[in-house]
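A.B. asks: Residue-level listing of the chains:
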Amino acid sequence: MNKSQHASGRIVRIAGPVVRASGLENVRLYDVALVGEAGLVGEVIRLSEGLTTIQVYEDTSGIRIGEPVSNIGYPLAAQLGPGLLGQVYDGLQRPLNLLAQYGDGFIERGVQASPLPLEKRWHFTPRAAEGDLVEPGEIIGAVNESRTIEHRIMMPPNQRGRVVQIREGEFAVDEIAAIVKSEEGNELEVTLTQRWPVRQPRPVWTRLAPNEPMMTGTRIIDAFFPIAKGGSAIIPGGFGTGKTITEHSLARWAEADVVVYVGCGERGNEMTEVLEEFPKLEDPRTGAKLMERTVLIANTSNMPVAAREASIYTGITIAEYYRDMGYNALMLADSTSRWGEALREISGRLEEMPGEEGYPAYLAARLAEFYERAGRVHCLAGRDDKPEADARSGSVSIVGAVSPPGGDFSEPVTQNSMRVASTFWALDYNLSRRRHFPAINWTNSYSLYNFKEWFEREAADDWNDLTKAAMALLQREVELLEIVQLVGPDALAEPERAMLATARMLREDFLQQSSFHEVDRYCAIGKSYWMLKTIMEFHRLAQAALESDIRLERILSLSVVPQIARMKEFPAQSAEADIQELAARVRQEFSTMGVN
Amino acid sequence: MLKTASIPRLFTAEYRTLSQIRGPLVFIERIVGVAYNEIVEVEGPDGEVRLGQVLDVDQQRCMVRIFTGTSGLDLQRTRVRFTGDVARLGVSLSMLGRALNGAGVPIDGGPPIAPEQMLDINGLPINPSMRAQPSEFIQTGVSAIDGLNTLTRGQKLPIFSGAGLPANELAAQIASHASMTGSGGDEPFAVIFAAIGITQRETSFFMDQFRASDTMDRTLLFINRADDPSIERILTPRAAFTAAEYLAFTHNRHVLVILTDMTNYCEALREIAAASEEVPGRRGYPGYMYSDLSSLYERSGRIRGKSGSVTQLIILTMPDDDITHPIPDLTGYITEGQIALNRDLHRKGIYPPIDVLPSLSRLMNAGIGERKTRADHRSLADQLYAFYAEGRDLRRLVAIIGEAALSIEDRRVLEFTNRFEETFVGQGTSSREIAQTLDAAWELLATMPPDLLKRIPREFIEQYHKRS
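As given, the protein sequences belong to chains F and P, one line each in that order. The numbering of the first sequence is the working numbering, which starts it at 1 and goes up by one. The numbering of the second sequence is the working numbering, which starts it at 1 and goes up by one.
If you are wondering where the hints come from, they were derived from the structure by calculation, not from laboratory data. Beta carbons: idealized from backbone N, C-alpha and C, even for Gly. It cannot be assumed that every hint is accurate.
Stated by the list, open to error - Taking beta-carbon pairs under 8 Å as the criterion, some of the chain F residues facing chain P (in silico):
#1 S61
#2 P68
#3 G105
#4 V305
#5 E357
#6 R435
#7 Q485
#8 L492
Claimed, not checked - Heads up, simulated SDA-like pairs for lysine to any residue below, C-alpha to C-alpha not over 25 Å straight-line:
#9 F:K289 x F:P95
#10 F:K120 x F:E170
#11 P:K454 x F:R497
#12 P:K454 x F:L481
#13 P:K454 x F:P95
#14 P:K454 x F:V478
#15 P:K454 x F:R507
#16 P:K466 x F:S557
To be verified - Distance windows between CB atoms, simulated:
#17 P:P457 x F:L350: 26 to 36 Å
#18 P:K306 x F:E479: 31 to 41 Å
#19 P:E403 x F:D549: 36 to 46 Å
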């Protein structure tokens, strides 16, 4: 990339975050520009003869007409390398921990710091030898970034050649770990870090179809609306319906190697919660602290709006980088509506023709581009025609929260996201108001992935029948409740009232899950299975009992009924056995009434 | 007082090149070196100096919004001076006990405030990695808040009100109680009250309340009345938060900021957006209203290593009681929960008429529990919610099929629901300690068999549940 600076422009107009400059030469669209005496970072978003329009990522107050503008000559890029995990960045990948040295708790304008710790030395172990031919994306060595993540040092995606020098040792991120001679004879110095323009998807060898679900530890998601490794999901919901809590839950317990959490235009105090909690919580699968697999991007709602627009891209680029190493990365964006609003604001300042509800006409295209960066892939140098040991696949999954105004899903951001995301978790005001959490509405939500075989193999043979029957019962409840609303519960026959009772069990004792309860907040698939199995077994036996003329009241007064309500609190290590024992007691109590 | 820092200058360029006056906006031509958001002094033919701010600037001209109204300005004789600085508020500890107008000028007849510092009223965003999580319980004395939607220090919690509902009474009650008792009793406390476009009647109500509660010397008032220039309302909350941040983070006070009524602020925002011919968003409010509101609401919280805090209580009137109206909607997306007032409860004579179902406090969990309130608090609140939500559904059912058709269990829930509204929520103007609130809740649950208390762990049921 061309790093020479062209300091030739002058500001001719300022309207909020949009600045117009004249006299800039050799500018390309999306080049980074430094604006004003203060050197505020901006990005070129429109070019016309003699005039360059720049969106500025910081507050432009006090900038004057006539101040200089210079073009850096390359686009907005993320700095990738060991040291990303555990960091907190703003939307431009400035490390907030380091910025905290200035400003006495507040973020000052124009401050800069390196995204990766420069002084830290990493132990580099080569995977390639001198004389090896290495191709783009090939792993040439590794460092241990955290207890669970081996950070694989890859050739940059656009470079290949023969290794002429490589050695084991302690390196800082910007020191040369290897020298590779290209076919043209140029010597490339490979360090532990590389830059990648955030708006450009990182290249892959091939894209693969998602083949397995990503377990999240949230029962309603895993059982009824699973998301794929490499899939995409959206969570739309009005305020207070639990978008952020669901996203936090996913960040904590989802089965991902690396989690990139983008707080895009959301509350500062919620980021603090993550920051204070994640270093203490353990990943139930690896035992390492959650912070060791997490990268946080905090561009809260009061931080500059253009940087909010960039934060989504910074996040997805970091996720793709870990995917390229062969990991399953999960990117959480809270909330994509704020990103859409940032687009709308910039578009308004550019005086573009507004589309639906003032959003720019390209909103749908931008959303589609973004969600399509999710996927399971064969990594660049890990293609499938290689010997198995070298083949490498990874995935990026995206979960985007959507904040529709007034909780109305017909608005453009929700509708356009629905068209491209494969899983839809609709949050519901009515559920949240009665404190049914997670407030995912089971009648509107869907998952387009089909993992029947996987669940049969990994969970249980009858998993699919069980979830299908449970969902049918929940649907039946909706119909029955409509009747009750009209004519009262007395109009229902006993079997139907029994259905209402077991459907309620499903809702309260299975679907409801507390993110704050120490045990309940994470539910492994085995435990989910046995919980569901026990309730559906109760349902079957209750219906059979009614046929033998046993009154519903007697069934509901069985001593196992309150115990079923406590299943979710059974401690994880013995939960499956305990619930199986409970299921046996359910059968036993019915059999004493002569029902089997 | 709102002014600009005095930068020594040999001369200040003065322009008489107004080309347009349009509502609150004026356009000035042939300008040189003007900065974005710069404050300008506009002197009309009558000699009165008005303050304005640059909203858009190019090489030829700039657009300025005048905070104190454009009436009396003309194109020929009006003179404009660019100050070269952004809007600043002079702050000092001696502000406490004073009353200022919406732009920060004393209106209580007292002397001008001698500033210790001149601060940019737009403030800077708090570094998210430097925030400390709000986790200290604030006792408001109101059961529906303390018990079910607990307020913590550093939180921003709005009260969604409707025309004619007693939001101001509730806010005044909270302000005087939270500052007097509970955990805030012996720590330095301050109340900043920002009145945005409120009526004379409301103004005197608050003044009387503050005087009666003996907190006047720890209170700072910013008052923009309904008949004051509406554009000044853009400044009022900013000035209030600048003072709040100064008191909290320079002088380690626990500051409670009360804003009333944010609906008037949003109307002013819409007025400017319309005048500058921006593309309107929902209901004519500008598309950036979310960003604008968050630049205010996010100025609350705690900072690591500092003992002060800024807590916000924001009152807004929902037009036509509509919670999906852009003003409550965008506010709810930024604040950490909301307290919703309900007209039906108010009609029934229940005070405070808080509808707990749509109400929420997002930071409640961090502020309650053992050593803060009591270990049973969380599950107890969940249980009350579950029964009350069920009871509200049952009421609708009863309207159709009559109470006789209900099961015994349902009738218990229904009866619980009525008593919950009448005694637990409807506590009147008296205050309850947190222990009294929780005991009142157990009292309500006494009629319920323990097996139905699914949200409460067994040990608490054994400890607190009294069967009647």
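A.B. asks: The structure should be examined with respect to each hint, and the outcome stated for every one.
C.D. replies: Here is what the structure says about each hint:
1. Interface restraint check for S61 of chain F: the shortest CB-CB distance to chain P comes to about 4 Å, inside 8 Å, so the restraint holds.
2. Annotation: P68 of chain F was flagged as interfacial toward chain P, and the flag is violated, the nearest CB pair being 13 Å apart, outside 8 Å.
3. Against a cut-off of 8 Å between C-beta atoms, the interface hint on G105 of chain F holds, since the closest Cβ of chain P lies about 4 Å away.
4. With a cut of 8 Å, the hint placing V305 of chain F at the interface with chain P holds, because the nearest CB-to-CB distance is about 5 Å.
5. Because the smallest distance between the Cβ of E357 of chain F and any Cβ of chain P comes to about 7 Å, under 8 Å, the interface hint for this residue holds.
6. The beta carbon of R435 of chain F is positioned within 8 Å of a beta carbon in chain P (closest approach about 4 Å), and the interface hint is therefore held.
7. Because the closest C-beta pair between Q485 of chain F and chain P is about 7 Å apart, less than 8 Å, the hint holds.
8. With a least beta-carbon distance of about 12 Å to chain P, the hint placing L492 of chain F at the interface is violated under the 8 Å criterion.
9. Distance hint between K289 of chain F and P95 of chain F is fulfilled; the C-alpha atoms sit about 20 Å from each other, no more than 25 Å.
10. Using a Cα cut-off of 25 Å, the hinted pair K120 of chain F and E170 of chain F holds, with the two alpha carbons roughly 9 Å apart.
11. Taken as a hint, the K454 of chain P and R497 of chain F pair is honoured in the structure, with Cα atoms around 20 Å apart against an allowance of 25 Å.
12. Between K454 of chain P and L481 of chain F, the direct Cα distance comes to roughly 22 Å. Compliance with the 25 Å bound is thereby established for this hinted pair.
13. Proposed proximity of K454 of chain P and P95 of chain F is contradicted: the alpha carbons are some 45 Å apart, above 25 Å.
14. Taking the CA atoms of K454 of chain P and V478 of chain F, the gap is about 23 Å. The hint holds against a cut of 25 Å.
15. This hinted pair checks out: K454 of chain P and R507 of chain F have alpha carbons roughly 13 Å apart, not beyond 25 Å.
16. For a cut-off of 25 Å, the pair hint linking K466 of chain P to S557 of chain F stands: about 22 Å separates their Cα positions.
17. Checked against the given bound of 26 to 36 Å, the beta carbons of P457 of chain P and L350 of chain F, roughly 57 Å apart, lie outside it.
18. In this structure the supplied range 31 to 41 Å is violated for K306 of chain P paired with E479 of chain F, their Cβ-Cβ distance being about 57 Å.
19. Restraint check, E403 of chain P to D549 of chain F: a C-beta distance of roughly 30 Å breaks the suggested window 36 to 46 Å.
The structure fails hints 2, 8, 13, 17, 18 and 19 (numbered hints given earlier, in ascending order).
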